[in-house]
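Chains as they are written, first to last, in the numbering used here: chain A, 1 to 381; chain B, 1001 to 1381; chain C, 2001 to 2381; chain D, 3001 to 3381; chain E, 4001 to 4381.
FYI, nobody ran anything at the bench for these hints, they're computed from the structure. C-beta: ideal position from N, C-alpha, C; glycine also. Watch out, some of these pointers could steer you wrong.
As the list claims (entries may be wrong) - Computed footprint of chain A on chain B, listed as stretches where at least three residues anywhere in the stretch have a Cβ under 8 angstroms from a Cβ of chain A:
#	region
1	1158 to 1168
2	1238 to 1244
3	1264 to 1271
4	1283 to 1289
5	1293 to 1302
6	1321 to 1335
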Amino acid sequence: MFDLKRSRRRHARKRRIVTLGVPPGTLIADPEAPKPVIRLMAYSSDAHIEVTITNPEEIIEHLSKWPITWINVDGLGDASIIARLGEIFDLHRLALEDVMNTHQRAKVEAYKDHLYIVCREIEYENGVASDQISMFLGKNFVLTFQEHAGDCLGSVRERIRQSDRFRSYGADYLAYALLDAVIDGYFPALENMGENLEALEEKVVLSPTEDMVPRIHMLKRELLTVRRAIWPARDAINSLLRDPNPLVSDHTRLYLRDCHDHVIHVIDMLETYRELGSDLMDIYLSSLSNRLNSVMKVLTIIATIFMPLSFIASLYGMNFDRSHPLNMPELGWKYGYLTVLIFMLLSAAGMMYYFYRQGWLSRSRVTRASLEDAGKPPPNV
Amino acid sequence: MFDLKRSRRRHARKRRIVTLGVPPGTLIADPEAPKPVIRLMAYSSDAHIEVTITNPEEIIEHLSKWPITWINVDGLGDASIIARLGEIFDLHRLALEDVMNTHQRAKVEAYKDHLYIVCREIEYENGVASDQISMFLGKNFVLTFQEHAGDCLGSVRERIRQSDRFRSYGADYLAYALLDAVIDGYFPALENMGENLEALEEKVVLSPTEDMVPRIHMLKRELLTVRRAIWPARDAINSLLRDPNPLVSDHTRLYLRDCHDHVIHVIDMLETYRELGSDLMDIYLSSLSNRLNSVMKVLTIIATIFMPLSFIASLYGMNFDRSHPLNMPELGWKYGYLTVLIFMLLSAAGMMYYFYRQGWLSRSRVTRASLEDAGKPPPNV
Amino acid sequence: MFDLKRSRRRHARKRRIVTLGVPPGTLIADPEAPKPVIRLMAYSSDAHIEVTITNPEEIIEHLSKWPITWINVDGLGDASIIARLGEIFDLHRLALEDVMNTHQRAKVEAYKDHLYIVCREIEYENGVASDQISMFLGKNFVLTFQEHAGDCLGSVRERIRQSDRFRSYGADYLAYALLDAVIDGYFPALENMGENLEALEEKVVLSPTEDMVPRIHMLKRELLTVRRAIWPARDAINSLLRDPNPLVSDHTRLYLRDCHDHVIHVIDMLETYRELGSDLMDIYLSSLSNRLNSVMKVLTIIATIFMPLSFIASLYGMNFDRSHPLNMPELGWKYGYLTVLIFMLLSAAGMMYYFYRQGWLSRSRVTRASLEDAGKPPPNV
Amino acid sequence: MFDLKRSRRRHARKRRIVTLGVPPGTLIADPEAPKPVIRLMAYSSDAHIEVTITNPEEIIEHLSKWPITWINVDGLGDASIIARLGEIFDLHRLALEDVMNTHQRAKVEAYKDHLYIVCREIEYENGVASDQISMFLGKNFVLTFQEHAGDCLGSVRERIRQSDRFRSYGADYLAYALLDAVIDGYFPALENMGENLEALEEKVVLSPTEDMVPRIHMLKRELLTVRRAIWPARDAINSLLRDPNPLVSDHTRLYLRDCHDHVIHVIDMLETYRELGSDLMDIYLSSLSNRLNSVMKVLTIIATIFMPLSFIASLYGMNFDRSHPLNMPELGWKYGYLTVLIFMLLSAAGMMYYFYRQGWLSRSRVTRASLEDAGKPPPNV
Amino acid sequence: MFDLKRSRRRHARKRRIVTLGVPPGTLIADPEAPKPVIRLMAYSSDAHIEVTITNPEEIIEHLSKWPITWINVDGLGDASIIARLGEIFDLHRLALEDVMNTHQRAKVEAYKDHLYIVCREIEYENGVASDQISMFLGKNFVLTFQEHAGDCLGSVRERIRQSDRFRSYGADYLAYALLDAVIDGYFPALENMGENLEALEEKVVLSPTEDMVPRIHMLKRELLTVRRAIWPARDAINSLLRDPNPLVSDHTRLYLRDCHDHVIHVIDMLETYRELGSDLMDIYLSSLSNRLNSVMKVLTIIATIFMPLSFIASLYGMNFDRSHPLNMPELGWKYGYLTVLIFMLLSAAGMMYYFYRQGWLSRSRVTRASLEDAGKPPPNV
């Protein structure tokens, strides 16, 4: 519920910026977004530095000094800084606008001398949310923008620090490594959802309760969120992989093919979960029907046994004038009461036998043990 | 309900014009359509004028004087004026016929020296409706036709007035800006539907009522209306973007790519809403089943407790001749009544215990609190 | 029901001709088909004649005398006449066989110097039926075959009589006009189905009855019939539009593009109706569940109120020997009867209050008024 | 049920041959398959012979003597004969293996100087089964293999005997004629299924019984069997039609286009039946719900009328001590009994009126008459 | 249930290796994986040897001595050995990483002088599991990696030992033979699932129990597992078949076409099973509804018969003061009791007749016999 509300509200807020009729390419910062923090990492094959930048102008010097520079901006709360970065790197206004409006689908756009790459990071914490990561790849730089300070790119930072080999590759390899780190972040989220799915699956079969429905619905919605993030990513990485572009070397393309495989793997797991999730609802409905069936059996058994008995008892409670010999002579019999009691007993026993034959008395409740047998073929019929 | 009726009636009326066997290209105004109001806006990079035109001939002069002229026609209620406009701009008869028959899908058609662009505007007011906006793009003019005076193009008018940069671009940029304004108008409608969906979602889970079904159905129908408007728009904008045409400059194509992204974003939201909307019906049906189950449990509990009790009471209401010592001796016992009462009490208590063990007495009603938990995995089983 | 039977029977009959193992290209007339009536219409830009032909040989003279000749054959009940027409116009045997076996899908086949075009006309009269219209387009003639004398081509005849402009166009324009007339005939059928759908929709929500199911099924089947006719027509007209062929001029292609738009519009309406029709069944099922729920609530309320009351009444109908002071002393109380009555009243009132709290007593029946509200968001929750 | 078992068992048997790890191209005859019977038919435009061959070597002479030779082999029970045929016609081992493993999908494979064509014949007799027909088309011969002696190729044999024109065409025309005969065999099967579907449809609506479910399931399975046979046939015939190959003349391609139309027609009918079949299950479920509703209405009406009545009767069966004037004074009234009876009558009448107003007493059973009305719009609401 | 858990846990473990942020191409062995066992088989057309290798360096000598060498590695538990193999054969690091991370989809990747082929083997033993088989095809070698020692490649080993013809083909034929052996391994698994499906089908119709639902769900999940393995295999084999590559000869391509046919056949069976499996759930739900209907009929029959009877009996149990002649005169009639009894009997008989007419008393239970009739059209209605 509240996830939708939140995500929609966020959209509404973002769109409001656009829909005010401002010309395209205008940069307006979301007032609630965190202020940008700029971290620069520059390296050659034998050295590297890490600095936090406060004045964007400092970047220019690093760019000219180092073969490869990576500038990472966390937070999009200051339009002027981002505009200045755009000037420094000569970025297109429309691309910058997309950086600020964080509802973009994953995509790759080629500009004159840089590539603009958008992808979405998945966070799983009390529900799934996706954040936009924008990336500009130039000849000697990678410029990344994140909505919030996140640590999904930390592993890349570590590899730069430690691996000479890494530092000997070009900026395109750095971009690949960042993309790969983002995609790898999908797996823990999917595993969480998989565990959730598994727990729901067991509960729906063993002990369905009414709150299963919103849970299943929520799970399907989370899978939908991941789906909206990953499908466009497939196309984006595929276009990086196939479209000729001097910025991406053949060496890096081999690695992008590997990254593409990871994306396909995510999609595979996702679609499997979606299919299993759809089945859950059917299973839940069949559980409900089963419950109703057993409730009704109890009612029918009780009614079928006691209605005739009550009738007989009422019958002999009638007040016919027993002075007429034909009126209820049974009441005067010596063993009348016993006869009636025995008749009642037999009638009840007969009913029970009928229900037993109908199989209404056997319990067919599903248990853990029967679940473990589910993989085996059903017992012979 | 009435939305369908209205929209169908409109179709019927429109088609009647066509189906009378008149030759294609004949212009017949819908008698109920508002009379055309022609507003002209002409500009160069350093000046602009706005005039309301009463005689189409006035346009010719403006066309020759200004580098770019935008003529907007609100209302299609006078065939002769529209035919005259067609002559002035040398428009094809079939395109003009499409302007009048306002059931067209979004499309782009290339004629000798102009492009004919149709798109549909979405209005959300007591339900969704879509109006046709027809646009002719020539070398130095844009000619737009709207079914009714609407304000969705107002933001573009404002930008022309205020932005020198805007006025320095060509007529193709104006056409892009108009298209973009129309597409941006989809977002508020989608947000309204999203809020509607969210409210329905919460209500269906917490307190489903019978009028949920027509509400859900209506929502799905509205999404269908938007869908019929936006999918062809995607193809139309894509063809503007890709097909070579001297009327569309490379500069504008970059902006059209951005507009295309917006369309994809609308489609994305739409399909997500459609999927969530389909689930709503399933959730509603499972709610109904749950209700039925709890109603039946109440009935079964009551019947199971009172039927045996009533039977026993009836039993001792029988009138057997107690002069025979075997006939209902219990009635003569000193503590007979108490014994029976205690037996009844125990039997009822036993039944309650059975139901308690079955879990029939616990309430599993979904509440807001349980909804907030829905994102978390179910409690351990 | 009977529609399927009819249509299948027709198929069976048609196929029987084919399946007898006769060589392809053999013409065998369906003995139940009406005898052919041949009407010839020939025109130049300044004159036109209309004659009914009894001997096919007469056609040859007209063909040589007039620039454009349209021969229309109503009824396929005489193989020899059709074979003779085939010889006169030098038509391929397989095409002629397709004319006779009237189960063809819409298609366009190019032969050496003529095009063979098949399309299907939709008739809506007590259910939907589709009839085959075969058309041969040559350099100076159009030859059409209809299964039965119909009037869907009448509007074209009228335009030939009245419009000089029409008569100045080539045979390809005539073929286009005929095609367009056939496609325009789909709209009234679709509107009928739309009205049917709307009426069903209202009825299913307001007062579902058992005969809804076959009605919905019948509607879906009719939509299926139209679908089978219109989808191939799209491909056929598209191939007329795109495939290079000297018989179709560029001028006519512009008009065919318009006709193609009409076909797409039909498909659009059709698919919308199909989707709404599928929802109808779901709505009907949820209505049934709602009914069952309210029936069960009535039963449960009645049982829950009267079972305890009946039990108490039975209790005091027991015949315990009141000479023992502990046996049913209440019966001897002065206000015993009143006490019991009041207790019963309170118990019933308590039950009613419980049901009131459960919301079982409120009526949530859907009414026309609630339907009109359906477009608005649900009241605050 | 047993159809699946049979078909699966057949698969299992066939596969066993393959899965034993024998090298591909090894020919192992199914021991249960009938022994091959070889019939040769050779013809020129003015003569033809028919002989039954016992020794494959005889074929060689005929091949050299006649322009076109058709060898038909019924039964695949002798690997050596089939291997010998392979040598005579120089067939590829893999193609021969496919002939023996009769689970192939329809396909066309081009070898150096022959085409290998597989298609599947449909037989409808107590359920649908499909048999493999393998065909080799060479310059001057057609070699066909059938699993069992069938008569579906008999019509072609007859045409060879009787038609000079047929005999003047090449071997490719013969292959087309055989293919066409196989495809024509699908129509009677589909008509059978259509009739079955129609009967089920009427029964499901008018008088659903429990055995409807397996019947519907069986029908869907049969449609699935036909589907698996016909879809690949479409691709196969399409590839014959489009792929350039000197063995297939342009003259024959025209006829293959006709055959392709027939396949499309089969697919059309099939998919329509599949869609109608899927609806059947929904209709059946709604019938069940309707039944349940009417059963529950009967129960509720009975309970609602008699429970209050029984309660009143029990009330006046209580044994309060009437010596106290406040205890059940009604019992002593002169018209007490009549009053109570009248009150009971009024109460029952009131209940009946309530149910009448609820519409529970009207019968809405579907009848044949109401079915005939189904095509018309529902009566005004 | 536990299958999912197992497979997911395996994924989790595998991914953990990747997600630790190690650079791509790093080889980390799963500590739980079995240690590698290397078996080498080398052959020329007239000789062959089989040796178990303990030191990878031994391979180099064999490679230079024999025309074709096949090295098979069972178990991936030692990264250093696999890295050494990579050096010997000059394999790409990313390919080696994929060998170790055994969650790859089937694929074919071309490297400079070898092909990297992944496919998945299916094992059916208490549920379906899929294992990864990685294969490197070079000019004179095939190098295979299996997760566990399996025997699915044993048949190929046998053919090498026995067939001179096999040994005369190239390494590409060996790779084909291995692929074919893997694909052939799908058939027994599918047959097992088919038998399982068939048993479930019969049980669901004849005697549905609650544990059907998890069984059906499990079956669908197994089919999903096979599906995820086989669909990518189709693309992989197709790309082997079509993509030009000097490592694959035309001779082998013919055989690969056969292998492709087998894959299509697996997919065909799979999709058929999936469709039948989806129907199973519907059939189960309709069985439940049928059961509920018959339970409710029993209840309604009992209640309808005994409620009126009980009411009458209660009526004559009232204690009206019979001193007033209008109070319950029936009680004083001579034949009062008999009259009442007869009236009760008639009323009960009337009810029974009503139910008989409604068809509620006839049993329509599905039996084996009725299943055998299912293929035939329903009896005349």
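Index of numbered hints that the structure contradicts, given in increasing order:
Violated hint: only 2; rest satisfied.
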